Amino acid sequence: MSDNRGSLLPVYVLADESGSMTPHLGELNKGLQSLYETMLTEPMAAAKVRLTVLGFADDVATYTELADLRSEYKPPELSTRGSTSYAAAFTAVLNRLPHDIGRLKAEGYRVHRPAVFLLSDGMPNAGQDWRTPHRQLCDRATTPAAPNIVACGIGGASPEVMLEVASTAEFALVSKPAADLGKAISSFFVALTKSMVESGRSLAAGNAELIVTKPEGFSMAIDEV
Amino acid sequence: MPEPYGPDPRDEGLGISDWERSDGWRADFDPPAPADSPAPPALPAWPRPRPRPQYDPPEDPRPAPPGAPPSDPQRFAGPRAGEPRADDLPGGGPHGGPHDRPHNAARAEPAVPDWSVVEVGTPGHVFEARPPAGSPYRPDTVVDGWSTDLVTMRLACVRGYGHRYSGTPREDDCAVAVHEATGSVVFAVADGVSAAPQSATGAALASRGAVTDLLRQLDADVPALDWTHVVRTAAWSLVARAAGGREPESAYAEEAERLYATTLVAGVVRADRYGVPEVHLVQVGDSGAWLLDRGDGRYRRLLATKDSHGREVLSSGVTPLPRVPSPLAQQSVALGPSSVLLVGTDGFGDALGDGEGAVGRLFHRGLSAPPPVLGFAHLLDFSRETFDDDRTLLAVWPRHLLPEPRR
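Taken in order, these protein sequences are the chains called A and B. Residue numbers for the first sequence follow UniProt numbering, beginning at 1 and rising by one. Residue numbers for the second sequence follow UniProt numbering, beginning at 1 and rising by one.
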């Protein structure tokens with residue numbers, strides 16, 4: 001006997017917690033808080049999304065795992081430390097994805113292709129091979145549930161790197177030059193929230209494409225190349 | 001002494017109303033509940049036919065004539081002793097009268113039916129619906145139902161909980177009609193693609209266009225129905241709408257796709273040469289059709305729909321009208337005496353899955369016999385979290401399942 005409890009969209013937030021983000025920690029945590037508050041007011045959309053928040057620096061801190069935002073009232077508090085290891089970030093998602101998908105399926109859900117939203121203000125650590133785990137993560141032969149990756153670069157982030165990280169060029173975004181970083185972070189979370197609500201709604205409407213809203217003050221990375 | 005049609009102990013506390021078993025046959029198809037399964041969702045106590053309200057005439061202010069019998073307050077209170085009440089007569093209610101009601105209940109006030117939503121597993125968020133924005137008028141729910149000499153039909157199209165919550169219109173639509181000369185039942189269900197801003201209009205145009213074309217073909221007594229023509233007519237209705245009276249050209253086809261994209265399943269049920277109902281279907285997009293076996297509760301999928309079996313993640317790609325796939329997905333099947341034809345959009349199909357879950361069991365129990373028309377919509381409007389898309393479902397049973405005589 002099999003029961004079908006519905007279709008879920010796993011969403012992963014990969015937040016850069018490297019030292020250079022320290023001045024903007026307040027905006028980071030405020031953005032998360034706003035995301036949580038909004039999803040509480042959107043129970044129909046929130047029911048179809050499961051949120052995992054990972055903070056990466058030298059290593060990866062797991063703040064929430066497949067959280068159901070209809071019942072999560074307290075957002076995690078991010079903290080900054082160390083350098084910018086994309087390798088650690090992508091390896092963490094790569095390792096946990098099969099487990100997460102299996103867990104949701106075991107609970108009786110069907111699963112849409114996951115979405116990863118990466119926010120970073122810097123260049124990945126030099127000398128670290130982040131491309132290998134990233135390639136494995138994006139290769140649907142290696143990772144059948146390979147996620148759609150939306151890469152948002154702020155401050156010193158390189159448009160070229162964002163283009164490499166994002167799963168399609170339309171998903172690579174960078175804040176406009178001279179943009180206020182605090183505002184850019186805030187608009188990232190506004191766009192993330194909108195994307196989650198819209199994607200949740202579109203799952204409801206039987207059209208399960210990931211809806212990505214461009215954050216205000218961002219432009220397509222491809223425009224910058 | 002127990003009532004002759006008293007509650008079935010298996011139904012204790014489930015609120016199953018007596019229309020299900022009043023025909024006496026349903027128990028034969030009642031599936032045994034799996035020993036380790038959770039309690040099945042309760043079927044609603046459908047609003048059911050009641051005897052005509054008793055008539056209590058006002059007091060006659062005039063004095064009684066000399067010799068007249070004293071006023072009889074019971075005179076209009078109900079049938080006289082030995083007379084059958086309307087709902088005790090065979091066929092007194094369309095779907096089984098309240099046989100278990102004590103005779104002394106004739107004077108009781110009619111009970112308000114249980115309107116509560118049918119819950120499956122964890123129900124969805126509870127809220128009051130917001131009105132759909134915009135025009136034209138788009139009612140929340142469309143319901144229909146009737147019988148021909150051949151089949152009994154029920155149809156419901158309900159706005160999804162997601163659209164009710166956000167105040168957006170129902171994007172599903174449907175149409176059903178009888179071709180009188182042949183007794184064929186023609187139908188169409190359509191699911192407007194939400195990315196298209198006027199997909200509700202598209203679903204309405206496509207379903208009506210398909211049914212109209214089927215009726216025309218039957219009128220013309222064509223040797224074989226041209227299903228490509230049916231689909232092209234439905235697609236054309238979208239393009240013509242986009243053209244707005246101008247000469248349709250390819251630019252309008254693109255405009256029609258952007259504005260009115262919709263899925264479609266159209267079909268016909270008609271008697272074969274031996275008088276057995278046979279079903280023909282055509283499909284564009286991911287709306288589906290199934291045959292439910294009333295005996296064992298299995299659902300046979302008649303048309304391919306999206307599902308995750310064998311895939312790591314769900315795929316939801318859909319090619320809707322006005323695009324016309326080639327070849328077209330078609331299906332023909334006989335509607336046997338123990339089968340129910342179900343045709344529905346993915347709002348129903350996704351929740352049904354392979355039919356072996358709680359939703360499949362609920363609809364097996366609820367559709368083993370044709371329910372009341374409004375009860376059918378009530379059932380389809382079940383609440384289960386994450387399933388909040390619009391739902392359309394057409395169900396067709398062989399006519400012999402209802403106790404009422406043919407007229």
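To be clear, the hints were calculated from the coordinates, so they are not data collected in a lab. Wrong hints could be hidden among the right ones.
What the hints assert, rightly or not - Reference excerpt, derived from the structure (chain A facing chain B, CB under 8 Å, subset only):
| # | residue |
| --- | --- |
| 1 | ASP3 |
| 2 | ASN4 |
| 3 | ARG5 |
| 4 | SER7 |
| 5 | LEU40 |
| 6 | PRO43 |
| 7 | ALA47 |
| 8 | LYS48 |
| 9 | ALA61 |
| 10 | ARG110 |
| 11 | HIS112 |
| 12 | PRO144 |
| 13 | ALA145 |
| 14 | VAL190 |
| 15 | LYS194 |
From a predicted model like this one, the values you see are computed outputs, not experimental measurements. All C-beta atoms, glycine included, are put in the ideal place defined by N, C-alpha and C.
Checked hints:
Proximity of ASP3/A to chain B holds as hinted, the smallest CB-CB distance being about 3 Å (cut-off 8 Å). Interface restraint check for ASN4/A: the shortest CB-CB distance to chain B comes to about 3 Å, inside 8 Å, so the restraint holds. Taking 8 Å as the C-beta contact cut-off toward chain B, the hint placing ARG5/A at the interface holds, the least distance being around 7 Å. With 8 Å as the threshold, the beta carbon of SER7/A comes within range of chain B, its nearest partner Cβ sitting at about 6 Å, so the hint holds.
A hinted interface residue such as LEU40/A counts as satisfied when its beta carbon comes closer than 8 Å to some beta carbon of chain B; here the least separation is about 11 Å, so the hint is violated. The criterion of a C-beta within 8 Å of any C-beta in chain B is met by PRO43/A, whose closest approach is roughly 4 Å, and the hint holds. A least Cβ separation of about 5 Å between ALA47/A and chain B falls short of the 8 Å threshold, and the interface hint therefore holds. About 5 Å separates the beta-carbon of LYS48/A from the nearest beta-carbon of chain B, less than 8 Å, and the hint is met.
Here the hint on ALA61/A is broken, as its CB sits about 26 Å from the closest CB of chain B, past 8 Å. With a cut of 8 Å, the hint placing ARG110/A at the interface with chain B holds, because the nearest CB-to-CB distance is about 4 Å. Taken as an interface hint, HIS112/A checks out: its beta carbon lies about 5 Å from the nearest beta carbon of chain B, inside 8 Å. Here the hint on PRO144/A is kept, as its CB sits about 3 Å from the closest CB of chain B, short of 8 Å.
The beta carbon of ALA145/A comes within 5 Å of a beta carbon in chain B, closer than 8 Å, and the hint placing it at the interface holds. The interface hint given for VAL190/A is broken, as the beta carbon of that residue sits about 19 Å from the closest beta carbon of chain B, more than 8 Å. This hint is violated: LYS194/A has a C-beta 14 Å from the nearest C-beta of chain B, more than the 8 Å allowed.
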